[in-house]
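Chain order of the listed sequences is U and V.
Numbering (my numbering) for the first sequence: 1 to 284.
Numbering (my numbering) for the second sequence: 1001 to 1342.
Keep in mind the hints are simulated off the structure, nothing from the lab.
Any given hint could be a false lead.
[As the list claims (entries may be wrong)] Only part of the chain U face toward chain V is listed, based on derived beta-carbon distances under 7 Å:
1. L22
2. D109
3. L112
4. Q114
5. R283
Heads up, the beta-carbon is just placed ideally off N, CA and C, and yes, glycines get one too.
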Amino acid sequence: MADRIPVGTLRSIVQLVRLLGLYARMDVMWIARARSTAVTFYLAEWVLGFGIVASTWLLAERFDGIGPWSRAQVVFLLGYSLLVRGVVDMLFGWNVAHISRRIGRGQLDHMLLQPVPLWVLVLAEGFSPLSGSGLALSGGVVLWLSGEGLGVFTPALFVLNLLASVAIVIGFSYAWASLAFLAPRAAEEINSSTMDLIDQVRAFPLDGLGPGLLGVLLSVVPIGYVAWLPARSLLGLTDSPWLVWLTPLAAIGIVSIGLSIFGRGMRHYRATGSTRYLALGHRR
Amino acid sequence: MQPDRRDISRSDIAVELIGVHKRYRQRQRADSLRGLIGQLRKPEFRIVEALRGIDLSVRRGEIVAYAGPNGAGKSTTIKLLSSLLAPDEGRVRCLGADPVRDRRQYVGRIGAVFGQRTELWWDHPIRASFEWKRVVWDIAPQRYTRALDELTELLDLAELMSTTARELSLGQRMRADLALSLLHEPELVLLDEPTLGLDVLARRRILAFLARVNRDHGTTVIVTSHDMAELEQLAGRIVMIHRGEIAFDGDWSSLRRDVNRHRVLTLETDGARAPAIEGAQHRQSAGNRHEYVFDAGAIGLAVLLDRAACQCEIIDVETHRPPIDEVVADLYERWQRGGTAD
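Pulled out of the complex, with its shape left as it was, chain U reads as follows (with noise of 0.2 Å):
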């Protein structure tokens, strides 16, 4: 097996576990500087997870679950769309995941004067295991609390649908943030923007919809794909079980799609340069 993958390419994975390692160790002495900025940093990040489920949370106790599905299925929904936001904040921290503020404010320059493949890079920078797990464990907490699972799904398969689902997060990101190539001023917070859209979107759950909003929520804009699918498919409360492979199937198109735009956002990148700079957020 190892003879067939390039040595180059072998030699980055290597460098990818080594700089994963450094930046946890560089995490650790960050939120350990001081016991108060831990403590406060995950009471913030407690209350913001709790914020961004609440009012779906509070609908389905109210009824008593939404539509077909059940109050626990609905809690369990609402876990794994939090998690899927966790695990973004937690390997693509520090603008890595909003990359269209590096881009807009000229820091890209600071990950192409490192000897690392830009992929390399974009896998490692934003590793905070801990200053960016807060999301991560309460949606952890609230996945428990659902009571739902056991039985239901197997394990390997929720953690290929949770990656997918984080991937198609980072490629939607990607590929909006090519803009700030073009217009660096105009699209540095268009990932804010698209965050903003995804988290808005993404607890509830979605049947009922008409099929062309529906279509276009697993197309175009696939949020349909960052909880309410996987869900609904790790649930069985799907036709078929084969769609539970579906946001897997989605994370290689939408990838693939967000890498090709950036590669492209690159190429103008190496010709025009950046005009703009501006040294906020590219350090933690």
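Guided by the hints, dock chain V onto chain U, whose structure is given.
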């Protein structure tokens, strides 16, 4: 065995730019509502020629000052050499590599410092930034320890190691940034305005440090700055760029000779009245001291002194060249009027 980088006798070129062109498209903004609406339909662009066929080569171990007025193309050149930009036409080769195509390997062999930016981790102690560098650049432990010890001593960083970057003064931060950029012992160092905003003492320390790194390790240094006196102190060669073209490439004395042959002559005489000396222009007098300016290429000092001695008794004589900043200011002024360096 590693080649001795101080040996530059074998056509050992560190940087080579051949016929490099770089153009930017600059969007033109209308100043009326009608114009704005028209531009929404059909945007207007102006092509800015940042570099117009630059040819430049730098030997290994050289320190080259790269200067020019604002917008001349200095930063574009540094970005091309740092792998951050690709040329539109022409060829860029640095350390035998194509900076953009071979980016990963190439940037591992260079150090880059941009005066307004920092590579230090803002909320971490300086030592953590150095450790970050060690891992990302994959520096061998022995080499890392040796380089860190040397840089800590030369740049007097020992007391700053546990301080976070956000708590450092500008001068301290720049010293730490310089150390960070040199920790992997790069073969080529690119410095874009490295002393911007620093006080005299901090500048002097950094200049002395760069000179020592060049001397001890044979590191090639390309440095841009608006402070000509600073560049003259550091670099043996000055390349001046104007409107995207190299307007001067040579040593400092040639620059002075070609651009400004004026000398200042101060005479102390026995009287308060300044003697009128043919071939020299009287600038000012203070008591018995009289200051003149003359063209050293047109008339000799001895002739002027003879002419002055006919009119009064000369007690003391001083002559000096104008400061390099004045020479370069003259040159920029000439460029603005449409002339060239020669």
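To see whether the hints hold, each was checked on the structure:
1. L22: Result: holds, 4 Å to nearest chain V Cβ.
2. D109: Holds. Min distance 5 Å.
3. L112: holds, 6 Å
4. Q114: With Cβ-Cβ at 6 Å, under 7 Å, it holds.
5. R283: Because about 4 Å separates U/R283 from the closest Cβ in chain V, which is inside the 7 Å limit, the hint holds.
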